[in-house]
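S.K.: These protein sequences, in sequence, are chains A and B. Residue numbering for the first sequence follows our numbering, beginning at 13 and increasing consecutively. Residue numbering for the second sequence follows our numbering, beginning at 96 and increasing consecutively.
Everything labelled a hint here was simulated from the structure, so no lab data went into it. In this text, all values refer to a predicted model and were calculated from it rather than measured experimentally. Ideal Cβ positions, reconstructed from N, Cα and C, are used throughout, including at glycine. Worth double-checking, as some hints may not be accurate.
What the hints assert, rightly or not - On the chain B side, residues computed to face chain A include the following (Cβ under 8 Å):
#: 1; residue: 136
#: 2; residue: 148
#: 3; residue: 216
#: 4; residue: 285
#: 5; residue: 387
#: 6; residue: 391
Stated by the list, open to error - SDA-like, lysine to any residue: derived pairs with alpha carbons at most 20 Å apart:
#: 7; chain 1: B; residue 1: 293; chain 2: B; residue 2: 421
#: 8; chain 1: B; residue 1: 180; chain 2: B; residue 2: 327
#: 9; chain 1: A; residue 1: 104; chain 2: B; residue 2: 129
#: 10; chain 1: B; residue 1: 179; chain 2: A; residue 2: 104
#: 11; chain 1: B; residue 1: 179; chain 2: A; residue 2: 164
#: 12; chain 1: B; residue 1: 180; chain 2: A; residue 2: 276
#: 13; chain 1: B; residue 1: 293; chain 2: A; residue 2: 114
#: 14; chain 1: B; residue 1: 293; chain 2: A; residue 2: 35
#: 15; chain 1: B; residue 1: 179; chain 2: A; residue 2: 262
#: 16; chain 1: A; residue 1: 139; chain 2: B; residue 2: 129
#: 17; chain 1: B; residue 1: 179; chain 2: A; residue 2: 268
#: 18; chain 1: A; residue 1: 23; chain 2: A; residue 2: 71
#: 19; chain 1: B; residue 1: 180; chain 2: A; residue 2: 104
#: 20; chain 1: B; residue 1: 293; chain 2: B; residue 2: 204
#: 21; chain 1: A; residue 1: 246; chain 2: B; residue 2: 220
#: 22; chain 1: B; residue 1: 179; chain 2: A; residue 2: 257
#: 23; chain 1: B; residue 1: 293; chain 2: B; residue 2: 220
#: 24; chain 1: A; residue 1: 15; chain 2: A; residue 2: 169
#: 25; chain 1: A; residue 1: 35; chain 2: A; residue 2: 229
#: 26; chain 1: B; residue 1: 179; chain 2: B; residue 2: 463
#: 27; chain 1: B; residue 1: 179; chain 2: A; residue 2: 275
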Amino acid sequence: MSKAMLIDTTKCIGCRACQVACKSWNDLPGEPAAYSETWSSPRYLSSHQYTRIIFREAAAPDGSLRWHFIKRQCMHCLDPACESVCPVGALKRLPEGPVVYDDGRCIGCRYCMMACPFQIPKFEWGKAVPLIRKCTFCAERQAEGLAPACASTCPTGALLFGEREELLREARHRLGTAPERYYPQVYGDRIVGGTSKLYLTAASFEELGLNHRGFRTDLGEVPYGIYGRAWMSKVPLVALTVGGLAVGLHYLNRRLAAVQARQGDKEG
Amino acid sequence: MAEQVKKWYPGEGKITPARVVLYLLVMLGAVSALIRLFFGLGATTNLSDAYPWGLWISFDVLAGVALAGGGFTMAATIYIFNLKKFEPLLRPAKISAFLGYLLFIIGLTLDLGQPWRIWHPMIMWNPQSVLFEVAWCVMLYTAVLAIDVLILALERFRKEKLVQFFRQIYLVLVVAGIILSTLHQSSLGALYLLLPEKMSDLWASQAIGPLFFVSAIIGGMSMIILESLLSARAYGRQPEMNILPDFARGLSIVLIAYFAMKVTDIYARGVNVLVWDRPHFFFLVELVGTVGLPALLLSLPAVRHSEKGLLTGAGIAAFGVVLNRFNVSLTSYGGYREFSYFPSFFEIIITLSLVAGGILLFDFLTRNLPVYHELTRESG
Numbered sequence: 013m014s015k016a017m018l019i020d021t022t023k024c025i026g027c028r029a030c031q032v033a034c035k036s037w038n039d040l041p042g043e044p045a046a047y048s049e050t051w052s053s054p055r056y057l058s059s060h061q062y063t064r065i066i067f068r069e070a071a072a073p074d075g076s077l078r079w080h081f082i083k084r085q086c087m088h089c090l091d092p093a094c095e096s097v098c099p100v101g102a103l104k105r106l107p108e109g110p111v112v113y114d115d116g117r118c119i120g121c122r123y124c125m126m127a128c129p130f131q132i133p134k135f136e137w138g139k140a141v142p143l144i145r146k147c148t149f150c151a152e153r154q155a156e157g158l159a160p161a162c163a164s165t166c167p168t169g170a171l172l173f174g175e176r177e178e179l180l181r182e183a184r185h186r187l188g189t190a191p192e193r194y195y196p197q198v199y200g201d202r203i204v205g206g207t208s209k210l211y212l213t214a215a216s217f218e219e220l221g222l223n224h225r226g227f228r229t230d231l232g233e234v235p236y237g238i239y240g241r242a243w244m245s246k247v248p249l250v251a252l253t254v255g256g257l258a259v260g261l262h263y264l265n266r267r268l269a270a271v272q273a274r275q276g277d278k279e280g
Numbered sequence: 096m097a098e099q100v101k102k103w104y105p106g107e108g109k110i111t112p113a114r115v116v117l118y119l120l121v122m123l124g125a126v127s128a129l130i131r132l133f134f135g136l137g138a139t140t141n142l143s144d145a146y147p148w149g150l151w152i153s154f155d156v157l158a159g160v161a162l163a164g165g166g167f168t169m170a171a172t173i174y175i176f177n178l179k180k181f182e183p184l185l186r187p188a189k190i191s192a193f194l195g196y197l198l199f200i201i202g203l204t205l206d207l208g209q210p211w212r213i214w215h216p217m218i219m220w221n222p223q224s225v226l227f228e229v230a231w232c233v234m235l236y237t238a239v240l241a242i243d244v245l246i247l248a249l250e251r252f253r254k255e256k257l258v259q260f261f262r263q264i265y266l267v268l269v270v271a272g273i274i275l276s277t278l279h280q281s282s283l284g285a286l287y288l289l290l291p292e293k294m295s296d297l298w299a300s301q302a303i304g305p306l307f308f309v310s311a312i313i314g315g316m317s318m319i320i321l322e323s324l325l326s327a328r329a330y331g332r333q334p335e336m337n338i339l340p341d342f343a344r345g346l347s348i349v350l351i352a353y354f355a356m357k358v359t360d361i362y363a364r365g366v367n368v369l370v371w372d373r374p375h376f377f378f379l380v381e382l383v384g385t386v387g388l389p390a391l392l393l394s395l396p397a398v399r400h401s402e403k404g405l406l407t408g409a410g411i412a413a414f415g416v417v418l419n420r421f422n423v424s425l426t427s428y429g430g431y432r433e434f435s436y437f438p439s440f441f442e443i444i445i446t447l448s449l450v451a452g453g454i455l456l457f458d459f460l461t462r463n464l465p466v467y468h469e470l471t472r473e474s475g
């Protein structure tokens, strides 16, 4: 059993208290407000901004406009691509759920940033000795039996922290009891093998225009680490085959040359 | 018996304008590298969260390693396929492969956020990571290449016993080198297996590993031809025109095979290549202009037997390998974000200085080690 968070975006009022709580718990520096075209602030996640609320105004089927507030942070995949690609094992998924990062191992190659299907790991570009930074799911708070800072500060109950199985049940229950309220899908249920952040939204991510901004819907249900593992599983066989062929051909070709030379001698 | 000479080539030791430019570039690069180390990647590069990998990964790492593929290609030609007539090409290929990897490691070190931790993969393992495997293979293969160059140095200084010892285990080194090269040349492509959703369909192929491997052979072979022709020109030597045309025929065959692989891959995945936008333009230039064209050119005997023809054919083929690596790592990734990337002054200078340093070191090593058969340094 692992911990997860149900993010019911229909309950979010866009107050951004979670952003503030995250900054203060992780002791991250403040920054001048920079608004996106739709009043999200800040505009991007960064090494000192682990979460943000994306503001989106979209038309409902009846034509009326309404606001959507979508929280973005590390999805804490059940089988994370970042953990799979990291050459030094700096990123690890804990059995309890959080995907955590070890400052002491990282070499700064940034392959995790390339591989993450949600583009979550961020680099400390401003520092001479930079590390990767991302949401930790407040692993250290969880270890003390506390809920993550964002969830404990949310005033509307949009962020529900608990066991993944129970939250999935709760999400399906909500979809069943109030179908008019939701787009009929739990984002994170099965995508890339499942994530610890589960989303309920009023509209699909395509309608919200977010499917290419961190909430892709075409990722499939296979964890991306599988491609790397499949490749790596062939390495011993390839090494043996190439090595065997090389040695074999070396002796074969040498022998052929020797035989040819001898025949040449006889004829000559 | 090899001719003994005091001077390698008429102008040896003279300070030519070209040499001045190369030294200046290296010095500029060294200063830039220091600035990068003290002020960090953000201050000196145009890399960002949207473009974590830039020029250094595309050129210094991906293209550099492919172009340095001449080492294992030549070793396989001579020792595995027993094509002894190409032996004069072997030693320059070893030198340039060693230098290629040395410079690639310097470039990679500067690209890492924590350069002094470059050794971490040795003790901190993650066997499911393709990059972990690349790190190990590159580490071991560079060691093999270093031993190879060491043997040349031992020959130069007449340490017959040690040379004898290494000759006895030489097949082990050759086979290890070929295994390690096969693995990491293809695995550099396999790094991109994990991010198909970010890449253009044109390059996001499950076959990218084998494609990288075959194009590394092209990179290696074309660089061997270029080096032979260019160093002959620089040193006032005769290029090996007795064997280069046959070698170029081999290159044209590999190019045809690679062309077939690329076309099959695109066709099997049902990708439409006839769309008019930037990635498709670069893809067609890569496939038709830098794989198809040199394959055709080098399959014509008239072209193969002229120095100019060889230079053109091999030049385009080598450029094509570089273009492919840029396409996979930048063009392909470009359409994914609303941001764009162009390397900064420091990134460009450091890359140029690595190339300049490579040329100077190549010159230094060929002058001081028994690389070219017909010449040996006069001892004493």
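S.K.: Against this structure, judge whether each hint is valid.
M.R.: Each hint, compared with the structure:
no.	hint	verdict
1	136	holds, 6 Å
2	148	holds, 6 Å
3	216	holds, 5 Å
4	285	holds, 5 Å
5	387	violated, 28 Å
6	391	violated, 30 Å
7	B:293 / B:421	holds, 15 Å
8	B:180 / B:327	holds, 18 Å
9	A:104 / B:129	violated, 33 Å
10	B:179 / A:104	violated, 51 Å
11	B:179 / A:164	violated, 74 Å
12	B:180 / A:276	holds, 18 Å
13	B:293 / A:114	violated, 26 Å
14	B:293 / A:35	violated, 30 Å
15	B:179 / A:262	holds, 12 Å
16	A:139 / B:129	holds, 15 Å
17	B:179 / A:268	holds, 13 Å
18	A:23 / A:71	holds, 18 Å
19	B:180 / A:104	violated, 53 Å
20	B:293 / B:204	violated, 26 Å
21	A:246 / B:220	holds, 18 Å
22	B:179 / A:257	holds, 19 Å
23	B:293 / B:220	violated, 27 Å
24	A:15 / A:169	holds, 17 Å
25	A:35 / A:229	violated, 29 Å
26	B:179 / B:463	violated, 24 Å
27	B:179 / A:275	holds, 19 Å
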